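> Listed below are the residues making up each chain.
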Amino acid sequence: MRRLRSFRTAALLLFACVLVRNAALNAQAPVEVYDWHLPKGFPKPRLPADNPMTPAKVELGRHLFYDSRLSVNSKASCATCHKQELAFTDGHPLGIGATGEKHPRGAMGLVNVAYSATLTWNNPGMKELEQQALVPMYGEHPVELGLREGDGLLGRLNSDPKYRELFERAFPESADRITVANVTKAIACFERSIISARSPWDRYHYERDESAISDAAKRGEILFFSQPLSCFRCHGGFNFSSATVSDGHEPQGSDFHNTGLYNMPGETSYPAPNVGIFEFTRNPKDVGKFKAPTLRNIALTAPYMHDGSIATLEDVIEHYAAGGRTVRSGAYAGVGRDNPNKDPLVGGSQLSDQDRSDLVEFLKSLTDRAVLRDSRFANPW
Amino acid sequence: MRYTLPARAILTVAVLPICLAFSQTASSPAPQELTVRGDIPAPLVLKADDLARMPRETAIVPDQDGTKVTYEGVPLREILQRAGVPLGKDLRGKTLASYILAKAHDGYQVVFSLGEMDAAFGNESILVADKRDGKPLFGYQGPFRLVCPNDKAGARSVRMLETLELVRLQK
Chain R
1 MRRLRSFRTA
11 ALLLFACVLV
21 RNAALNAQAP
31 VEVYDWHLPK
41 GFPKPRLPAD
51 NPMTPAKVEL
61 GRHLFYDSRL
71 SVNSKASCAT
81 CHKQELAFTD
91 GHPLGIGATG
101 EKHPRGAMGL
111 VNVAYSATLT
121 WNNPGMKELE
131 QQALVPMYGE
141 HPVELGLREG
151 DGLLGRLNSD
161 PKYRELFERA
171 FPESADRITV
181 ANVTKAIACF
191 ERSIISARSP
201 WDRYHYERDE
211 SAISDAAKRG
221 EILFFSQPLS
231 CFRCHGGFNF
241 SSATVSDGHE
251 PQGSDFHNTG
261 LYNMPGETSY
271 PAPNVGIFEF
281 TRNPKDVGKF
291 KAPTLRNIAL
301 TAPYMHDGSI
311 ATLEDVIEHY
321 AAGGRTVRSG
331 AYAGVGRDNP
341 NKDPLVGGSQ
351 LSDQDRSDLV
361 EFLKSLTDRA
371 VLRDSRFANP
381 W
Chain G
1 MRYTLPARAI
11 LTVAVLPICL
21 AFSQTASSPA
31 PQELTVRGDI
41 PAPLVLKADD
51 LARMPRETAI
61 VPDQDGTKVT
71 YEGVPLREIL
81 QRAGVPLGKD
91 LRGKTLASYI
101 LAKAHDGYQV
111 VFSLGEMDAA
121 FGNESILVAD
131 KRDGKPLFGY
141 QGPFRLVCPN
151 DKAGARSVRM
161 LETLELVRLQ
171 K
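Chains as they are written, first to last, in the working numbering: chain R, 1 to 381; chain G, 1 to 171.
These are calculated hints, taken from the structure and not from any lab test.
Hints are not guaranteed to be accurate.
The calculated label-pair distances, taken between Cβ atoms and stated as ranges, are [stated by the list, open to error]:
#1 G:Val69 with R:Asp35: 17 to 27 Å
#2 G:Lys135 with R:Gly266: 52 to 62 Å
#3 G:Gln109 with R:Gly139: 26 to 36 Å
#4 R:Asn379 with G:Ser125: 47 to 57 Å
#5 G:Pro41 with R:Trp36: 51 to 61 Å
#6 R:Ser214 with G:Asp50: 30 to 40 Å
#7 G:Ser125 with R:Ala321: 38 to 48 Å
#8 R:Trp36 with G:Gly93: 53 to 63 Å
#9 R:Glu318 with G:Lys135: 43 to 53 Å
#10 R:Asp374 with G:Pro62: 26 to 36 Å
#11 G:Pro31 with R:Val33: 44 to 54 Å
#12 G:Asp49 with R:Ala378: 32 to 42 Å
Here the structure is a predicted model, which means the values were calculated and not measured.
Ideal Cβ positions, reconstructed from N, Cα and C, are used throughout, including at glycine.
Take these sequences, add in the hints, and give me the full structure.
Below you can see the structure in the form of structure tokens.
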């Protein structure tokens, strides 16, 4: 009987020790809170409920983003088409996949992608980065990174002690940590962390630093926000894109616009396969409607438009001043100005040479050089 | 045919000032004064100092991106009353067919009926703002702008406000 009591006492003590140890472990590993370091004027980004930001996930995502082991032939990574020095674009008119296949559209920038209401040039349904990451990873039309299910990606990651450590930190609660779902969650967290808010225009606008931008840029700003030009109607707000979403705030107006870039005869006025959101809605009125992207860092993201068909900012301004582009010959010939789906806001404007130059200077003032060399966004390998 | 060149010349002479006027006004800052004019007894020209001495209010409104912005300035009703615009007991009969035409430096225009501003009717708290988050408005926003907190859309919150003009439809 005495022996039984001793056994019970020992068991209770052991149980108590386990409880104390677990409590101590929990106390040692508090949930890390991600600090966005958001400046004035920048709201908190909206996040999916099942993927809150943590420093550990951002760090894991950064390693994955720059890792060419995430491609079929170890020749490409996310960073191949999203280079930090080019505001996370690639400088090409059209994206080029790991196998050399061309994407029909250009790589979109990732700066401030946390605020993007929709994520691609023409898919209104693509709204979450976790979902979008699967397209370059596993998409076949076109092949981008060229991964396939069961091709050993997770095994490759698991065989690297560095990744085992990073996944353990990022997903401590998961028994099965190295999964495709966690890969996309981590990449999405890293992409959301790329916030650009330190351009000269930001210093001028939010800090009232008169010397931050030139007089030409100030004149260009007034033109940009003027009623006759109305550039701000599609590229307005703190992120210079109406297709902007943040915590508790839904986007206003349409994300997609036909700017009169083409007007070919036939069933679709834009060259296939780039027919705009018509590809998904099948509504003929949606032919040629593409996303109005952010203009932050736009001076670094040439060439422009969804298909990289305009080389310079000066030419973009000419396109809008003319109220659409006229393609004089060839398969794409047509007067874009007369495209029946063209947004009425693209009506054309009388612009002097100085106006054009001032507008370009204003757009250049949106370049945030700090984001191009911020070590938090750089290749960790 | 012999009239072709003179006709072009005339056209050029006629169109050029329009183009130049656009380029000169559209990219230049708005003047540092607000004019209240039209069919009123006491037209006004107000500067920032004048507004600073008038009764002031604030309005907290969501910006286009959802961030909260605090605007400070003078109620539009107060400015109109100082200019002799018929409000209060004078707003009746034919004067109810009157409106304020608000014009921006870039040519943008919107209207407000006197009825929607008057306390006995719409009682809208429209603000002529000169400060945003405690700092003077400048650049494409200032130095004066309208803020209409109860408008669901922001299109009547005229930036670079230059003139307020009373228009009477019935006299």
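> Would you pick out the hints that fail for this structure and give their numbers low to high?
3, 9 and 12
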